[in-house]
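Asker: Dock chain A against chain B, hints included.
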Amino acid sequence: MTTRREVLKAGTAGALALGFPAIVKAQSGAIKIGHLTPLTGFLGALGEWAVMGMKMAVEEVNAAGGVLGRQLDVTSEDSVNPATASTKAQRMLERDGVEFLMGEINSASAKTIMQVAARNKKLFLQIGARSDVLRGKDCNRYTFHVDIPVTVMVNAAGQALAREGYIKGKKIFFLTSDYLFGHDLAKAARAFCAANGGTVVGDELTATDTTDFSPFLIKIRQARPDLVATNLGGNQVTNFVKQYAEFGLPYQVAGFNLNTADAWAAGEGNLAGIWPTVWHHELDTPGSKAFVAKFRQKYGKPPENHAWIEYVSLKVMAQAMNATKSTDTEKLIKYFESEAQFDLLKKRKGYFRAWDHQMIQEAFPFSVKAKGQAKDKWDFLKFGDAVPAPDQPLESINPPKSANACVL
Amino acid sequence: MQVLFLLEQVVNGLVLGGYYLLIALGLSLIFSVGGVVNLAHGAFYALGAYASLEIARRLGFGAGVALSPVAVALLGIAFERYILRRFYTADPILSLLVTFGLALVAEQAIRMTWGAAPLPASMPQGFKGAVTLGDFLFSKYRLFLLAVVAMVLAGIWLLLNRTSFGRVVRAGIQRPDMVAALGIRLQPYMTTIVMLGVGMAALGGALFAPIVIVHPAMGAEILTVAFVVVVIGGLGSFWGVVLAALLVGVVRGITIHFVPAAGEASMYLLMFLVLMFRPRGLLGERIEKFE
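Protein sequence lines, in the order shown, are assigned to chains B and A.
All you need for the numbering used here is the position in the first sequence, starting with 1, plus 238.
All you need for the numbering used here is the position in the second sequence, starting with 1, plus 483.
To be clear, the hints were calculated from the coordinates, so they are not data collected in a lab.
Even glycine gets a Cβ: it sits at the ideal position worked out from N, Cα and C.
Zero decoy hints are in this set.
List of simulated lysine to aspartate or glutamate pairs, EDC-like, C-alpha gap at most 20 Å: (1) Lys539/B to Glu537/A; (2) Lys553/B to Glu286/B; (3) Lys553/B to Glu577/B; (4) Lys425/B to Asp441/B; (5) Lys359/B to Glu575/B; (6) Lys587/B to Glu577/B; (7) Lys611/A to Glu506/B; (8) Lys587/B to Asp623/B; (9) Lys615/B to Glu537/A.
Have a look at the derived ranges for each label pair, beta carbon to beta carbon: (10) Glu297/B to Arg569/A: 45 to 51 Å; (11) Tyr537/B to Gly545/A: 30 to 36 Å; (12) Arg569/A to Asp566/B: 55 to 61 Å.
Only chain B is shown next, with the shape it has when bound in the complex (with noise of 0.2 Å):
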């Protein structure tokens, strides 16, 4: 019979070993890292691919000998909300004393972060949240964005849509996610549409947690138009495509967000049209390869591209403390800001650029395969040539500074 007494006991025992290892492990002498991902709701199942993603960094990077001779020592946390986000990140700089912040998948969770960072004047690199207002008027001198924004994105799928001619001329339905994110894709598939001569004829808000979508497509049905755009988050994408499947409707599928995993558990079949994405397995470049293959060997599955962002992402970081020679936020940021190349495991480098703090790269659009040309479950993409192509300038898909209203 358990006694309260011993109930008590145990209870504290769990909470002292829950609170103080943090205390213990920052007089080792490793540089603590605050990583914040959500891990529940629409976009748990992206965050899981991020830690798997980090944690192998880590693994090569302290197997490595670290950075400066110092283990790198990364907490990740379930972000869960955006307030939840920002109490966590206030508490990882404060009491955890971690160096800087890393993470995020959610938008309007990295913008509570990144007023997190601001104030206590640490850096943030913000890794997976796409929003144009986060590195737009949102912007802030101590984050950095890795993730391609929406703007990238949209032009990624899109100028693929119009070389098929599904643009011009055309009727346009959109679908929108109804939340930060989603906004600010309709935003720029909107300006992109009416830049390439397509017509928008509905644009339709839902909200993050529509399981259902039969009552917009019988909307989309009613309004017969030549491509159905979806400007949808996390689990919706997912939802959507399998119903779109499943009414069997005969318009045009695209959409300006998809992550290989969202089209992975659409599950082979579902899926159609173009989609972007920032970074895929299939890459041909020596660096994607062996980190494909270090993936598969570790977790028995190919890294989707969050795992890939996350994993690059802590090389950064350890290249920036390598060159700089320090942990400090302000080095850093003038590392950062001198727009030093990195290697992102594609064709060409990437880098921050200094006015808006953007990782500049290349961006991908892909469709599905024929039926039957699957090797695995994995392998039902189709991935198309990078954009912008090798003769342009990398920032030609980024917003321009005339469009961009940050001010760092």
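Answerer: Showing chain A alone in chain B's frame:
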């Protein structure tokens, strides 16, 4: 034309309501008979979806849909026998805590077994596509789903209203002390009701796996809807739940027709209105007080 569009949404809402019903009816039955709000109900829905995929991978889609509810219903017997039974007469707060805790444990167990990444699921090729009846568009798969729900509903109604088993259960809902005085043990009946309830939830999960994303938190998502349906319909009322499920589906469709962004909020607004004017729910026979 506008009217026709709206009508199309109403009909589609009815179909969707049928699916809500599958989850909500079990929740309502378990509450009516045992007085326990089973917050773990969503977990059985999720387990039903995952189990159906596991079975389907080996034996095909049909076997998945048919066997997964059976497997989960057996689990439901253990759930009733070893956990739920202890809380029928206890403080309602305790049963809420236990079932809520169980829901968290189940979600984490699913995450540990199958991973946080969603599992891919497809329906057989023959079910894909839509049929147009007149001007209305129906997904073939959802029509099949609706037929299954109608059969289950008819089965449950017959069981409750046309069998001696049902007479005892209904008597137990209204006057448990009287049933006991007549020398009838309610426990085996309760076990059966829980088994049926979670079996229906699992059937819902198995049927919806090809349409919605299959991920560990799917149980928590559906539980909220099911709970809202039960509250709107009125606790302890069979037809109340049926009416509420259809109403929630229809109101959602109409809302999305006019104000798409408010689609998911519509059912809460509906619940708010119903409770304001009729606190016991649409067809509820009594108001439950948690004292």
